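J.: Residue strings, one per chain:
2 protein chains.
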Amino acid sequence: MSMDTAADFAKLQETLKACAREVDATLESVLPKPADLQARVQEAARYSTLSGGKRLRPFLVMQSAQLFGVKPEYSRRVGAAVEMLHSYSLVHDDLPCMDDDDLRRGRPTTHKAFDEATAVLAGDALLTQAFEVLADPGTHPSAEIRCRLVTHLAQSSGTFGMIGGQMIDMEAEKRTLEPDEIRLLQRLKTGALFEFCCAAGVILGEGSKTDHDNLLSYARDFGLAFQITDDLLDALGDAEKAGKAVGKDAGQGKATLIGAYGIEGARAEAERLAKHAADTLAPYGDKARALRALPFSLLDRQS
Amino acid sequence: MSMDTAADFAKLQETLKACAREVDATLESVLPKPADLQARVQEAARYSTLSGGKRLRPFLVMQSAQLFGVKPEYSRRVGAAVEMLHSYSLVHDDLPCMDDDDLRRGRPTTHKAFDEATAVLAGDALLTQAFEVLADPGTHPSAEIRCRLVTHLAQSSGTFGMIGGQMIDMEAEKRTLEPDEIRLLQRLKTGALFEFCCAAGVILGEGSKTDHDNLLSYARDFGLAFQITDDLLDALGDAEKAGKAVGKDAGQGKATLIGAYGIEGARAEAERLAKHAADTLAPYGDKARALRALPFSLLDRQS
Chain W
1 MSMDTAADFA KLQETLKACA REVDATLESV LPKPADLQAR VQEAARYSTL
51 SGGKRLRPFL VMQSAQLFGV KPEYSRRVGA AVEMLHSYSL VHDDLPCMDD
101 DDLRRGRPTT HKAFDEATAV LAGDALLTQA FEVLADPGTH PSAEIRCRLV
151 THLAQSSGTF GMIGGQMIDM EAEKRTLEPD EIRLLQRLKT GALFEFCCAA
201 GVILGEGSKT DHDNLLSYAR DFGLAFQITD DLLDALGDAE KAGKAVGKDA
251 GQGKATLIGA YGIEGARAEA ERLAKHAADT LAPYGDKARA LRALPFSLLD
301 RQS
Chain P
1001 MSMDTAADFA KLQETLKACA REVDATLESV LPKPADLQAR VQEAARYSTL
1051 SGGKRLRPFL VMQSAQLFGV KPEYSRRVGA AVEMLHSYSL VHDDLPCMDD
1101 DDLRRGRPTT HKAFDEATAV LAGDALLTQA FEVLADPGTH PSAEIRCRLV
1151 THLAQSSGTF GMIGGQMIDM EAEKRTLEPD EIRLLQRLKT GALFEFCCAA
1201 GVILGEGSKT DHDNLLSYAR DFGLAFQITD DLLDALGDAE KAGKAVGKDA
1251 GQGKATLIGA YGIEGARAEA ERLAKHAADT LAPYGDKARA LRALPFSLLD
1301 RQS
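Protein chains in written order, with the numbering used here: chain W, 1 to 303; chain P, 1001 to 1303.
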């Protein structure tokens, strides 16, 4: 495989942890401290966001941004915003009227720990605050750049992005999707936000059109590999390791590519995507080591 | 009363209608045409937004903006954004886990016309697109101004604004609120968005600190008068005229100021607020005629 060395794997884990710590500290400081009569919704927003996730999306933002020499104090705020947006999407997707999940990252989902109304409002609050963080002068001195980030995040997470993907996922419970339709679903539902993360680095660093194309190509390969390995994890995984119910997607007739590719075919496709993603970032040399290693680390993910 | 003439009332109705037509046309053009596999969520977003509302919030934006000579092609986009945000809040507030309403503006609520999952997603999509509209260069040539609009809307609609108010409203079903707490609830739940609307005119038109203070004072009086007359309508109204279930708030033990003031006291308070709001805008002369007339028109509202 085209991964540089096994040492890159160990280094990647370190870099991931360091990034998660930095983003967690940023989230801790930007999320309101629960106070006054509306404390409950602020508690729920913190509960769902400060839950020790891997912070993959902020990692993509920060690593893409450092390719172009962006200051970490800017990129970590964009990372925090995208994590808040991701967190809102999980809170709403877990609701009884959606995927009806009781467990997330090994803990009760937000509507279980609080109640449905609070979960809806906490998700709304996180979505709202994500845009507030992006528009704040602390995120970048240029208002043009901040506006582009807002526009791009809104598009990636709207009906032509993440929300559209979740809608198709709900519709997929009514009829079986074709493989092409499943690919569209996954590209919208999880891929669009990964694309935002990598594009955000280029936007913050005012990279070229070629940079934008490279990072977008990387993000697409990465997103698809992520989704395939997530589906494999669900099909084969162990509930305890995953921290959520497994084998659930097949039981609900959820659309995954495992049906189309088979287990071994899906694994091979994920590996092909990881290689292609890494190759795309070859021009960035050593600076892109962590980004190149990341898709390979998915191949044996267990959660 | 300090309303200029009865002719102002007729003129106000005309201006309101013209504004509603303009904003409806803008909403029609910015909301995505339902297409592809995710058409259902886009249909639901259109259903809930293009429902013939009075467009009071866009009216406040456009009228405040014209005090400062802002081009209507800018202010109507901000009006459309705020209406999308208002629409999302209604869709989510109507959900079974929140206020559980079946009827809105005389039609089935979004989760009744579609389903709960689609209603959650349609609300999310409207909230997301509201920020997209504000950040778009079509809304104003200055990115600084667009960022300030995004920041201000996020703050007005977040946990220190509208969402916080809705959370307090849900909590109020558990215990009786004090009059001061009810005032806070109402200021957050409905007042904060009215404040945004009037502040948006000042931001778009780069008005002075005094302008900002004047418009904010007007918005606060207006918001409180609006809430009181809404509560009066609920307490006394006619379900058919209001287009929604009435007498419901008291039945659910919802917090209103009628209990504290009594019917006649509440009416007198609404009238006092309308007068004060109108007086605040005296310095803007004829340009503020419609804004001055508006709070008085609430006093005999029937829907």
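Just so you know, these hints were derived from the structure itself, not from any lab. Careful, some of the hints might be misleading.
Unchecked claim - Calculated pairs, BS3-like style, for lysine-lysine (alpha carbon to alpha carbon, straight line, at most 30 Å):
| hint | chain 1 | residue 1 | chain 2 | residue 2 |
| --- | --- | --- | --- | --- |
| 1 | P | Lys1112 | W | Lys174 |
| 2 | P | Lys1174 | W | Lys174 |
| 3 | P | Lys1011 | W | Lys33 |
| 4 | W | Lys71 | W | Lys112 |
| 5 | P | Lys1174 | W | Lys112 |
| 6 | W | Lys112 | P | Lys1112 |
As the list claims (entries may be wrong) - Simulated DEER-style distance windows between Cβ atoms:
| hint | chain 1 | residue 1 | chain 2 | residue 2 | range |
| --- | --- | --- | --- | --- | --- |
| 7 | P | Ala1007 | W | Ser142 | 22 to 32 Å |
| 8 | W | Leu236 | P | Ser1142 | 20 to 30 Å |
| 9 | P | Ala1035 | W | Leu103 | 55 to 65 Å |
| 10 | P | Lys1174 | W | Leu103 | 25 to 35 Å |
| 11 | W | Asp300 | P | Glu1178 | 52 to 62 Å |
| 12 | W | Asp213 | P | Ala1010 | 28 to 38 Å |
Stated by the list, open to error - Going by beta-carbon spacing under 10 Å, a handful of chain W positions derived as facing chain P:
| hint | residue |
| --- | --- |
| 13 | Leu56 |
| 14 | Phe131 |
| 15 | Met170 |
| 16 | Thr210 |
| 17 | Ala260 |
| 18 | Tyr261 |
| 19 | Ile263 |
For clarity, every value in this text was computed on a predicted model and none was experimentally measured. Glycine included, each C-beta is placed from N, C-alpha and C at the ideal position.
J.: State for each hint whether it applies.
T.: Taking the hints in turn, this is what the structure says about them:
| no. | hint | verdict |
| --- | --- | --- |
| 1 | Lys1112/P x Lys174/W | holds (19 Å) |
| 2 | Lys1174/P x Lys174/W | violated (39 Å) |
| 3 | Lys1011/P x Lys33/W | violated (47 Å) |
| 4 | Lys71/W x Lys112/W | violated (39 Å) |
| 5 | Lys1174/P x Lys112/W | holds (19 Å) |
| 6 | Lys112/W x Lys1112/P | holds (24 Å) |
| 7 | Ala1007/P x Ser142/W: 22 to 32 Å | violated (49 Å) |
| 8 | Leu236/W x Ser1142/P: 20 to 30 Å | violated (54 Å) |
| 9 | Ala1035/P x Leu103/W: 55 to 65 Å | violated (36 Å) |
| 10 | Lys1174/P x Leu103/W: 25 to 35 Å | holds (27 Å) |
| 11 | Asp300/W x Glu1178/P: 52 to 62 Å | holds (58 Å) |
| 12 | Asp213/W x Ala1010/P: 28 to 38 Å | violated (59 Å) |
| 13 | Leu56 | violated (21 Å) |
| 14 | Phe131 | holds (4 Å) |
| 15 | Met170 | holds (5 Å) |
| 16 | Thr210 | violated (24 Å) |
| 17 | Ala260 | violated (17 Å) |
| 18 | Tyr261 | violated (21 Å) |
| 19 | Ile263 | violated (26 Å) |
Violated hints, listed in ascending order, are 2, 3, 4, 7, 8, 9, 12, 13, 16, 17, 18, 19; each of the other numbered hints is respected by the structure.
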